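A.B. asks: Spelled out, the chains give:
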Amino acid sequence: MKRRRLMIAALVAALAVGPLTGAVLAQGNSIFIPLLVYRTGPYAPSGIPIANGFVDYFNMVNERDGGINGVKIAWEECETQYDTKQGVECYERLKAKNPVLVNPYSTGITYQLIPKAPVDKIVVFSMGYGMSATSDGRWFPYVFNFPTNYWSQASAVIRYIGTQEGGLEKLKGKKIAHIFHNSPYGKEANPALEELAKKFQFELTLLAVDHPGQEQKSTWLQIRRLNPDWIFMSGWGVMNQVAVKEAVAIGFKMDHFIGNWWSASDADVVPAGDGAKGYKGAAFHAPGANFKVHADVVKHVYDKGKGAGKKEEMGAPLYNRGLVNAMFSVEAIRTAMGKFGNKPLNSEQVRWGFENVNLTDAALDKLGMKGFTHTVKISCEDHEGSGPVLIQQWDGKKWNIVSDWVQPMRDVIRPKVEVAAADEGKSRGYTMRDCAKEK
Amino acid sequence: MIYREAGQFKTTYASDQAIFPILQDRIFVGLVALAAFVAVPLVADEYWLQAILIPFLIYALAALGLNLLTGYAGQLSLGTGGFMAVGAYSAFKLSTAFPPLNIVIVFLLSGLIAALVGVVFGIPSLRIKGFYLAVATLAAQFFLIWLFNKVAWFTNYASSGTITAPTRTILGLTVTGPLASAQARYLVALAFVVVFALIAKNLVRGRVGRSWMAIRDRDIAAEIIGVRPLRTKLLAFAISSFYCGVAGAELVFLYLGSAETLAFDIGLSFLVLFMVIIGGLGSVLGSFLGAAFIVLVPILLTNAPHAVGLNLPVALQKQIELMVFGGLIIGFLIVEPLGLARLWQITKEKLRLWPFPH
Numbered sequence: 001m002k003r004r005r006l007m008i009a010a011l012v013a014a015l016a017v018g019p020l021t022g023a024v025l026a027q028g029n030s031i032f033i034p035l036l037v038y039r040t041g042p043y044a045p046s047g048i049p050i051a052n053g054f055v056d057y058f059n060m061v062n063e064r065d066g067g068i069n070g071v072k073i074a075w076e077e078c079e080t081q082y083d084t085k086q087g088v089e090c091y092e093r094l095k096a097k098n099p100v101l102v103n104p105y106s107t108g109i110t111y112q113l114i115p116k117a118p119v120d121k122i123v124v125f126s127m128g129y130g131m132s133a134t135s136d137g138r139w140f141p142y143v144f145n146f147p148t149n150y151w152s153q154a155s156a157v158i159r160y161i162g163t164q165e166g167g168l169e170k171l172k173g174k175k176i177a178h179i180f181h182n183s184p185y186g187k188e189a190n191p192a193l194e195e196l197a198k199k200f201q202f203e204l205t206l207l208a209v210d211h212p213g214q215e216q217k218s219t220w221l222q223i224r225r226l227n228p229d230w231i232f233m234s235g236w237g238v239m240n241q242v243a244v245k246e247a248v249a250i251g252f253k254m255d256h257f258i259g260n261w262w263s264a265s266d267a268d269v270v271p272a273g274d275g276a277k278g279y280k281g282a283a284f285h286a287p288g289a290n291f292k293v294h295a296d297v298v299k300h301v302y303d304k305g306k307g308a309g310k311k312e313e314m315g316a317p318l319y320n321r322g323l324v325n326a327m328f329s330v331e332a333i334r335t336a337m338g339k340f341g342n343k344p345l346n347s348e349q350v351r352w353g354f355e356n357v358n359l360t361d362a363a364l365d366k367l368g369m370k371g372f373t374h375t376v377k378i379s380c381e382d383h384e385g386s387g388p389v390l391i392q393q394w395d396g397k398k399w400n401i402v403s404d405w406v407q408p409m410r411d412v413i414r415p416k417v418e419v420a421a422a423d424e425g426k427s428r429g430y431t432m433r434d435c436a437k438e439k
Numbered sequence: 001m002i003y004r005e006a007g008q009f010k011t012t013y014a015s016d017q018a019i020f021p022i023l024q025d026r027i028f029v030g031l032v033a034l035a036a037f038v039a040v041p042l043v044a045d046e047y048w049l050q051a052i053l054i055p056f057l058i059y060a061l062a063a064l065g066l067n068l069l070t071g072y073a074g075q076l077s078l079g080t081g082g083f084m085a086v087g088a089y090s091a092f093k094l095s096t097a098f099p100p101l102n103i104v105i106v107f108l109l110s111g112l113i114a115a116l117v118g119v120v121f122g123i124p125s126l127r128i129k130g131f132y133l134a135v136a137t138l139a140a141q142f143f144l145i146w147l148f149n150k151v152a153w154f155t156n157y158a159s160s161g162t163i164t165a166p167t168r169t170i171l172g173l174t175v176t177g178p179l180a181s182a183q184a185r186y187l188v189a190l191a192f193v194v195v196f197a198l199i200a201k202n203l204v205r206g207r208v209g210r211s212w213m214a215i216r217d218r219d220i221a222a223e224i225i226g227v228r229p230l231r232t233k234l235l236a237f238a239i240s241s242f243y244c245g246v247a248g249a250e251l252v253f254l255y256l257g258s259a260e261t262l263a264f265d266i267g268l269s270f271l272v273l274f275m276v277i278i279g280g281l282g283s284v285l286g287s288f289l290g291a292a293f294i295v296l297v298p299i300l301l302t303n304a305p306h307a308v309g310l311n312l313p314v315a316l317q318k319q320i321e322l323m324v325f326g327g328l329i330i331g332f333l334i335v336e337p338l339g340l341a342r343l344w345q346i347t348k349e350k351l352r353l354w355p356f357p358h
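Protein chains in written order, with the numbering used here: chain H, 1 to 439; chain C, 1 to 358.
Calculated directly from the structure, the hints in this document are not laboratory data.
Only a predicted model underlies this, so the values are computations on that prediction, with no experimental measurement involved.
Treat the hints with care, since some could be wrong.
[As the list claims (entries may be wrong)] Straight-line alpha carbon distances no greater than 27 Å define the calculated BS3-like cross-link-like pairs of lysine-lysine that follow:
| # | chain 1 | residue 1 | chain 2 | residue 2 |
| --- | --- | --- | --- | --- |
| 1 | C | 150 | H | 416 |
| 2 | C | 129 | H | 217 |
| 3 | H | 416 | H | 72 |
[To be verified] Quick look at which bits of chain C chain H covers, simulated, 3 or more residues with Cβ under 8 Å:
| # | region |
| --- | --- |
| 4 | 46 to 58 |
| 5 | 150 to 162 |
| 6 | 168 to 179 |
| 7 | 258 to 269 |
| 8 | 310 to 318 |
Ideal Cβ placement from N, Cα and C applies to all residues, glycine included.
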């Protein structure tokens with residue numbers, strides 16, 4: 001019976017102590033950024049490099065510059081397993097530590113946090129993911145998704161396909177299939193693609209793949225029957241490698257298969273072996289580890305034994321994504337410091353910083369990121385920047401950039417964003433900000 | 001010594017049949033209810049309410065629903081996630097189509113819709129039993145999720161397929177939507193759970209619950225003594241699905257705020273089933289204990305290393321959490337296969353004899 005009593009005592013203790021949060025408070029002169037990561041679970045192969053990129057960049061800024069203008073960055077990781085409920089728990093827990101911004105790193109979690117952002121007054125920075133409609137800063141002041149969103153990406157990919165075919169007018173009658181993860185994330189590009197299909201009169205087929213995406217036989221049977229000219233894919237995690245393998249198996253022309261920027265990392269193509277050669281992917285930053293920023297990370301982080309991952313894994317597309325995301329966050333805070341002074345800022349001041357981000361070529365050069373990513377300018381109306389997209393291609397060993405910066409079709413996408421933002425905003429009971437007054 | 005019924009005489013049938021026949025129990029339950037309704041909203045911070053107590057209450061309601069079906073009526077179901085999704089999507093459709101409709105009525109109506117769906121998917125239970133029925137209800141789970149994913153009408157043609165809880169008030173107090181305070185949402189969830197737990201407790205003590213248990217223990221014998229299997233089983237499915245439907249609606253409206261079908265996937269069905277098994281099959285209290293165990297222990301395990309000043313990498317911490325949690329489940333089931341509710345019962349019996357056990 002003793003054992004039973006012990007069990008009861010253990011249970012009572014568990015229920016009582018369970019929710020006490022760890023009391024690791026950020027030090028006085030620092031700025032706190034929570035990191036929602038997924039280093040375990042089915043999406044870990046994608047989550048680990050992103051998280052490592054983030055941590056390495058923050059470490060580098062702290063080591064090299066002593067923080068942002070002298071204010072150290074404090075952060076804490078919280079494991080979400082790419083699961084929405086765990087993500088919300090993480091957010092609520094870390095909210096107590098006065099974060100200035102949050103990077104949800106999951107479209108599902110972003111959807112949860114968008115309504116909370118204006119209430120908690122914490123910036124949601126969903127870099128290149130999340131809800132495309134939030135690009136209109138007049139309706140969503142606390143949400144940012146620069147340098148470019150899913151709709152812009154889709155339009156840039158269509159423009160790229162157009163140039164490959166010899167002009168946008170040649171798209172008429174072409175068959176393009178969109179294979180997407182059957183979740184808010186995967187569906188996000190559909191409205192833009194449908195609009196573009198109408199405009200350029202190509203034949204669009206939408207094919208959903210259910211979570212987690214290991215089973216795609218029926219999808220690829222449809223592809224064989226349809227025999228599309230081009231395939232665009234919005235996949236994530238294990239779904240990507242399965243799709244690439246299936247495409248190889250049916251002998252699809254790999255250079256006519258383009259993944260979005262979450263479907264174009266090493267883990268997606270390596271399992272398919274040599275067959276994956278030629279597979280393309282979109283990106284808003286270059287792959288590879290031969291930029292000055294990488295040298296700085298090696299010097300200030302890895303050589304001091306503080307690296308989050310292995311040195312050889314630097315330069316993978318998703319690692320670089322983490323770096324870029326961390327850089328944007330840091331630069332937004334730096335912008336805010338230009339106005340509010342070099343001290344720990346509150347989240348509303350950081351929001352102002354995000355809204356006034358202006359990364360020029362000179363600024364990128366100074367950060368050691370020249371040619372690594374494109375310039376970005378954010379304003380009150382435009383939280384996206386409508387940034388251009390690169391197309392990268394897998395050569396069997398590494399990713400290479402095979403295009404110039406492809407411009408999204410802002411003339412089509414921006415009005416669509418504004419309509420969607422007004423719809424979403426009104427349904428949430430928001431009122432539109434008057435940007436002219438905020439100048 | 002303190003917990004003793006000596007001297008408490010029952011002079012009426014009503015007092016003999018009370019839910020809590022012992023005075024000390026009544027005082028204890030009264031104090032817990034008072035604390036839950038008054039003290040907690042005053043004391044607890046937003047993290048406690050939003051990340052711990054609200055999900056606990058909602059899962060407890062779902063576990064209660066499944067416990068009626070699996071624990072009392074003996075029908076194993078893996079369709080809980082699907083029935084919860086029915087509740088959530090019905091609540092979304094109802095409340096966006098009829099905005100003035102009181103949210104409490106919306107929840108109850110969504111529960112009724114879930115009950116209807118539950119009856120339809122409960123029909124196979126008349127022919128198949130046990131694990132085979134579990135597989136049949138699995139079909140409900142997959143079909144319903146597929147349906148909500150496929151038919152855009154259920155999400156009001158939202159391009160992302162996400163449903164978002166609109167802002168609704170009860171007596172002028174905002175209880176759903178992003179502007180609702182955690183306290184308000186907690187109180188609504190608590191009120192629902194208390195009322196439904198009371199109803200469940202009375203159901204299982206009465207004729208309905210006895211016929212469920214008769215079916216569970218030996219269906220042929222039950223049929224011979226006059227329990228109609230068709231009505232009894234389908235009633236169990238209906239009431240269980242009603243509870244799950246309300247819990248599903250609450251999950252979106254009071255806890256998550258917005259959700260996609262992934263929130264109701266097969267993992268949720270298993271989670272609720274584990275709550276019922278760990279808490280105790282065929283016990284109302286067990287549903288609460290099981291939900292508490294499944295919701296609270298992982299959070300404890302996540303925060304424990306921090307609390308003692310240990311800074312483990314998050315991945316390692318998560319893996320330790322999964323291992324320890326799995327170990328705890330196995331441990332508890334070995335020590336007490338009848339669940340946490342049985343442990344509680346044993347504690348009470350011991351307490352009665354204390355300090356002179358024989």
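A.B. asks: So, for every hint listed, does it hold in this structure?
C.D. replies: Status of the hints after comparison with the structure:
1. At most 27 Å may separate the alpha-carbon atoms for a hinted pair to count; residue 150 of chain C and residue 416 of chain H meet this at roughly 24 Å.
2. A distance of roughly 33 Å separates the Cα atoms of residue 129 of chain C and residue 217 of chain H; the hinted pair therefore is violated under the 27 Å criterion.
3. For the given pair, residue 416 of chain H sits about 40 Å from residue 72 of chain H by alpha-carbon distance, which is inconsistent with the 27 Å threshold.
4. Against chain H, the region 46 to 58 of chain C contributes 7 residues with a C-beta closer than 8 Å to a partner C-beta. That satisfies the three-residue criterion, and the hint holds.
5. Counting residues of the region 150 to 162 of chain C whose C-beta sits closer than 8 Å to any C-beta of chain H gives 4, which meets the bar of three, so the coverage hint holds.
6. Three residues within the 8 Å Cβ limit are the bar, and the region 168 to 179 of chain C against chain H gives 3, so the coverage statement holds.
7. Counting residues of the region 258 to 269 of chain C whose CB lies closer than 8 Å to any CB of chain H gives 6, which reaches the minimum of 3, so the coverage claim holds.
8. Counting residues of the region 310 to 318 of chain C whose C-beta lies closer than 8 Å to any C-beta of chain H gives 6; at least three are required, and the coverage claim holds.
Taken one by one, the earlier hints fail for this structure at numbers 2, 3, listed in ascending order.
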